[in-house]
Amino acid sequence: MSAIILTPKKIARLLFTEQLKWSIWFLSFMFVIYIGFLIFSGDSIASFIDVVHFSNGSISIYLFVIGILAMSTFFRYYINLGATRKNFFLGVIASSMLLTIAITVIITFLSFVIHFIAGTPSILDMANIRSSNLLDSILTLLQFFISSVMVYMIYYLMGWMISLTFYRSSWLYGLLSIAAAIVIAGITGFLWEGTHISFFSHISDLPVLVSILLSLLIIGLLFTINYRLIKDVTVKM
2 MSAIILTPKK IARLLFTEQL KWSIWFLSFM FVIYIGFLIF SGDSIASFID VVHFSNGSIS
62 IYLFVIGILA MSTFFRYYIN LGATRKNFFL GVIASSMLLT IAITVIITFL SFVIHFIAGT
122 PSILDMANIR SSNLLDSILT LLQFFISSVM VYMIYYLMGW MISLTFYRSS WLYGLLSIAA
182 AIVIAGITGF LWEGTHISFF SHISDLPVLV SILLSLLIIG LLFTINYRLI KDVTVKM
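Just remember that the working numbering sits 1 ahead of the position in the sequence shown, which is counted from 1.
In short, the hints are calculated from the structure, not lab data. Ideal Cβ positions, reconstructed from N, Cα and C, are used throughout, including at glycine. One should not assume that every hint holds.
What the hints assert, rightly or not - Here are the in silico distance ranges between beta carbons for each label pair:
(1) 107 - 224: 23 to 33 Å
(2) 38 - 144: 21 to 31 Å
(3) 173 - 8: 33 to 43 Å
(4) 183 - 236: 26 to 36 Å
(5) 184 - 33: 28 to 38 Å
With the hints as constraints, model all of the structure from the sequences given.
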(Lines of atoms letter the chains of each structure in order from A and count residues from 1; the text may use other names and numbers.)
(Lines give C-alpha, C1' and ligand atoms only; values in the text may rest on other atoms or scores of the structure.)
Protein backbone atom coordinates (compact mmCIF):
# COMPACT_ATOMS: atom_id res chain seq x y z
CA MET A 1 0.00 0.00 0.00
CA SER A 2 1.40 3.38 -0.97
CA ALA A 3 1.85 6.04 1.69
CA ILE A 4 -0.67 8.83 2.00
CA ILE A 5 0.79 12.11 0.79
CA LEU A 6 -0.70 15.23 2.30
CA THR A 7 -0.64 18.05 -0.22
CA PRO A 8 0.16 21.65 0.81
CA LYS A 9 -3.45 22.59 0.01
CA LYS A 10 -4.87 19.97 2.36
CA ILE A 11 -2.40 20.80 5.13
CA ALA A 12 -3.23 24.49 4.75
CA ARG A 13 -6.95 23.77 4.96
CA LEU A 14 -6.60 21.59 8.06
CA LEU A 15 -4.25 24.01 9.81
CA PHE A 16 -6.32 27.06 8.95
CA THR A 17 -9.52 25.42 10.17
CA GLU A 18 -7.96 24.44 13.49
CA GLN A 19 -6.17 27.73 14.10
CA LEU A 20 -9.23 29.74 13.08
CA LYS A 21 -11.19 27.99 15.84
CA TRP A 22 -8.55 29.07 18.36
CA SER A 23 -8.60 32.58 16.93
CA ILE A 24 -12.37 32.93 17.24
CA TRP A 25 -12.11 32.01 20.92
CA PHE A 26 -9.25 34.46 21.40
CA LEU A 27 -11.05 37.30 19.62
CA SER A 28 -14.21 36.56 21.60
CA PHE A 29 -12.29 37.01 24.86
CA MET A 30 -10.70 40.19 23.52
CA PHE A 31 -14.15 41.49 22.57
CA VAL A 32 -15.52 40.80 26.06
CA ILE A 33 -12.51 42.51 27.66
CA TYR A 34 -12.96 45.54 25.41
CA ILE A 35 -16.66 45.79 26.27
CA GLY A 36 -15.71 45.68 29.95
CA PHE A 37 -13.15 48.39 29.28
CA LEU A 38 -15.84 50.57 27.69
CA ILE A 39 -18.19 50.05 30.62
CA PHE A 40 -15.73 50.79 33.42
CA SER A 41 -13.30 53.27 31.85
CA GLY A 42 -15.71 56.13 31.30
CA ASP A 43 -16.50 58.11 28.16
CA SER A 44 -13.41 60.32 28.39
CA ILE A 45 -11.05 57.38 27.89
CA ALA A 46 -13.23 55.12 25.73
CA SER A 47 -13.70 57.89 23.18
CA PHE A 48 -9.99 57.72 22.29
CA ILE A 49 -9.53 53.97 21.84
CA ASP A 50 -11.20 51.70 19.28
CA VAL A 51 -11.24 47.91 19.43
CA VAL A 52 -8.53 47.66 16.74
CA HIS A 53 -5.94 49.71 18.62
CA PHE A 54 -7.04 48.11 21.90
CA SER A 55 -6.33 44.58 20.67
CA ASN A 56 -3.55 44.85 18.07
CA GLY A 57 -0.67 44.27 20.47
CA SER A 58 -2.42 41.23 21.91
CA ILE A 59 -3.20 39.87 18.44
CA SER A 60 0.46 40.17 17.42
CA ILE A 61 1.57 38.23 20.51
CA TYR A 62 -1.20 35.68 19.94
CA LEU A 63 -0.02 35.04 16.38
CA PHE A 64 3.56 34.82 17.63
CA VAL A 65 2.44 31.99 19.94
CA ILE A 66 0.44 30.35 17.14
CA GLY A 67 3.62 30.41 15.04
CA ILE A 68 5.46 28.57 17.81
CA LEU A 69 2.69 25.97 18.02
CA ALA A 70 2.78 25.43 14.24
CA MET A 71 6.05 23.57 14.74
CA SER A 72 5.83 22.19 18.26
CA THR A 73 2.26 20.89 17.93
CA PHE A 74 1.63 20.07 14.27
CA PHE A 75 4.95 19.15 12.62
CA ARG A 76 5.42 15.59 13.83
CA TYR A 77 1.68 14.92 13.58
CA TYR A 78 1.50 15.79 9.88
CA ILE A 79 4.82 14.13 9.06
CA ASN A 80 3.49 10.91 10.61
CA LEU A 81 0.39 11.26 8.43
CA GLY A 82 2.54 11.30 5.31
CA ALA A 83 3.37 14.96 4.76
CA THR A 84 6.78 15.87 3.40
CA ARG A 85 8.77 18.68 4.99
CA LYS A 86 8.30 20.84 1.91
CA ASN A 87 4.55 20.24 1.82
CA PHE A 88 4.27 21.04 5.51
CA PHE A 89 6.24 24.25 5.00
CA LEU A 90 4.03 25.35 2.11
CA GLY A 91 0.91 24.39 4.02
CA VAL A 92 1.92 26.46 7.04
CA ILE A 93 2.74 29.45 4.82
CA ALA A 94 -0.66 29.28 3.11
CA SER A 95 -2.58 28.77 6.35
CA SER A 96 -0.74 31.64 8.07
CA MET A 97 -1.65 34.00 5.23
CA LEU A 98 -5.29 32.96 5.40
CA LEU A 99 -5.32 33.27 9.18
CA THR A 100 -3.82 36.77 9.28
CA ILE A 101 -6.27 37.95 6.60
CA ALA A 102 -9.22 36.39 8.44
CA ILE A 103 -8.27 37.98 11.77
CA THR A 104 -7.83 41.38 10.13
CA VAL A 105 -11.25 41.13 8.47
CA ILE A 106 -12.92 40.05 11.73
CA ILE A 107 -11.36 42.80 13.86
CA THR A 108 -12.21 45.43 11.24
CA PHE A 109 -15.81 44.24 11.12
CA LEU A 110 -16.03 44.34 14.93
CA SER A 111 -14.66 47.87 14.94
CA PHE A 112 -17.44 49.17 12.71
CA VAL A 113 -20.16 47.15 14.48
CA ILE A 114 -19.18 48.56 17.89
CA HIS A 115 -18.84 52.02 16.35
CA PHE A 116 -22.41 52.02 15.04
CA ILE A 117 -23.90 50.41 18.17
CA ALA A 118 -21.97 52.15 20.97
CA GLY A 119 -20.57 55.21 19.22
CA THR A 120 -16.95 54.26 19.93
CA PRO A 121 -14.19 55.41 17.53
CA SER A 122 -13.78 53.51 14.28
CA ILE A 123 -10.58 52.97 12.32
CA LEU A 124 -11.36 56.06 10.26
CA ASP A 125 -11.93 58.19 13.37
CA MET A 126 -8.60 57.11 14.84
CA ALA A 127 -6.92 58.17 11.59
CA ASN A 128 -8.76 61.52 11.66
CA ILE A 129 -10.55 60.70 8.38
CA ARG A 130 -14.11 61.83 7.83
CA SER A 131 -16.45 59.33 6.25
CA SER A 132 -17.57 61.99 3.74
CA ASN A 133 -14.17 61.78 2.09
CA LEU A 134 -14.64 58.45 0.32
CA LEU A 135 -11.20 58.24 -1.27
CA ASP A 136 -9.35 58.96 1.98
CA SER A 137 -11.56 56.46 3.79
CA ILE A 138 -10.80 53.73 1.25
CA LEU A 139 -7.07 54.45 1.33
CA THR A 140 -7.05 54.44 5.14
CA LEU A 141 -8.84 51.09 5.28
CA LEU A 142 -6.52 49.66 2.63
CA GLN A 143 -3.43 50.85 4.48
CA PHE A 144 -4.75 49.43 7.75
CA PHE A 145 -5.55 46.09 6.11
CA ILE A 146 -2.16 45.74 4.41
CA SER A 147 -0.16 46.84 7.45
CA SER A 148 -2.10 44.57 9.83
CA VAL A 149 -1.75 41.49 7.62
CA MET A 150 1.97 42.13 7.18
CA VAL A 151 2.63 42.76 10.86
CA TYR A 152 0.62 39.73 11.96
CA MET A 153 2.41 37.61 9.35
CA ILE A 154 5.82 38.76 10.59
CA TYR A 155 4.97 37.87 14.19
CA TYR A 156 3.63 34.47 13.13
CA LEU A 157 6.80 33.74 11.18
CA MET A 158 9.00 34.92 14.07
CA GLY A 159 7.32 32.48 16.44
CA TRP A 160 7.70 29.70 13.87
CA MET A 161 11.39 30.57 13.40
CA ILE A 162 12.09 30.36 17.13
CA SER A 163 10.24 27.06 17.47
CA LEU A 164 12.07 25.65 14.44
CA THR A 165 15.45 26.71 15.80
CA PHE A 166 14.88 25.12 19.21
CA TYR A 167 13.52 21.98 17.52
CA ARG A 168 16.45 21.66 15.15
CA SER A 169 19.43 23.01 17.11
CA SER A 170 20.75 23.57 20.62
CA TRP A 171 19.34 25.99 23.18
CA LEU A 172 22.12 28.45 22.34
CA TYR A 173 20.92 28.81 18.76
CA GLY A 174 17.40 29.03 20.12
CA LEU A 175 18.38 32.01 22.27
CA LEU A 176 20.01 33.61 19.23
CA SER A 177 16.76 33.18 17.31
CA ILE A 178 14.92 34.98 20.13
CA ALA A 179 17.41 37.84 19.91
CA ALA A 180 16.92 37.96 16.13
CA ALA A 181 13.14 38.04 16.62
CA ILE A 182 13.46 41.00 19.01
CA VAL A 183 15.45 42.90 16.39
CA ILE A 184 12.91 42.04 13.68
CA ALA A 185 10.05 43.14 15.94
CA GLY A 186 11.87 46.41 16.55
CA ILE A 187 12.35 47.01 12.83
CA THR A 188 8.69 46.20 12.22
CA GLY A 189 7.67 48.71 14.86
CA PHE A 190 9.95 51.21 13.17
CA LEU A 191 7.98 50.77 9.94
CA TRP A 192 4.40 50.74 11.21
CA GLU A 193 2.59 52.73 13.86
CA GLY A 194 -0.01 51.58 16.36
CA THR A 195 -0.38 47.99 15.20
CA HIS A 196 1.88 46.07 17.57
CA ILE A 197 4.52 46.24 20.25
CA SER A 198 7.33 48.56 19.15
CA PHE A 199 10.86 48.85 20.49
CA PHE A 200 11.95 51.88 18.47
CA SER A 201 10.27 55.14 17.57
CA HIS A 202 8.09 55.01 14.48
CA ILE A 203 8.85 57.49 11.69
CA SER A 204 5.47 59.09 11.02
CA ASP A 205 6.47 60.55 7.65
CA LEU A 206 7.93 57.31 6.30
CA PRO A 207 6.23 56.63 2.93
CA VAL A 208 3.72 53.80 3.10
CA LEU A 209 5.20 52.18 0.00
CA VAL A 210 8.61 52.04 1.69
CA SER A 211 7.08 50.40 4.77
CA ILE A 212 5.30 47.86 2.56
CA LEU A 213 8.42 47.00 0.56
CA LEU A 214 10.60 46.65 3.66
CA SER A 215 7.92 44.52 5.35
CA LEU A 216 7.79 42.27 2.28
CA LEU A 217 11.58 41.99 2.48
CA ILE A 218 11.35 40.91 6.14
CA ILE A 219 8.63 38.37 5.31
CA GLY A 220 10.70 37.00 2.43
CA LEU A 221 13.74 36.73 4.71
CA LEU A 222 11.73 34.82 7.32
CA PHE A 223 10.34 32.53 4.59
CA THR A 224 13.90 31.74 3.52
CA ILE A 225 15.21 31.19 7.05
CA ASN A 226 12.32 28.95 8.03
CA TYR A 227 12.59 26.87 4.87
CA ARG A 228 16.31 26.33 5.38
CA LEU A 229 15.61 25.28 8.97
CA ILE A 230 12.88 22.80 8.09
CA LYS A 231 13.96 21.34 4.74
CA ASP A 232 16.18 18.60 6.22
CA VAL A 233 15.31 18.69 9.91
CA THR A 234 15.28 15.37 11.74
CA VAL A 235 11.84 14.35 12.95
CA LYS A 236 11.97 13.71 16.69
CA MET A 237 9.92 10.72 17.75
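Do the hints match the structure? See the list:
1. A beta carbon spacing of about 25 Å between residue 107 and residue 224 agrees with the range 23 to 33 Å that was offered as a hint.
2. At about 25 Å, the beta-carbon gap between residue 38 and residue 144 stays in the expected band of 21 to 31 Å.
3. Remark: the range hint 33 to 43 Å for residue 173 to residue 8 is upheld by a beta-carbon distance near 36 Å.
4. Remark: the range hint 26 to 36 Å for residue 183 to residue 236 is upheld by a beta-carbon distance near 29 Å.
5. Taking the beta carbon of each, residue 184 and residue 33 are about 34 Å apart, inside 28 to 38 Å as hinted.
In summary, this structure violates none of the numbered hints.
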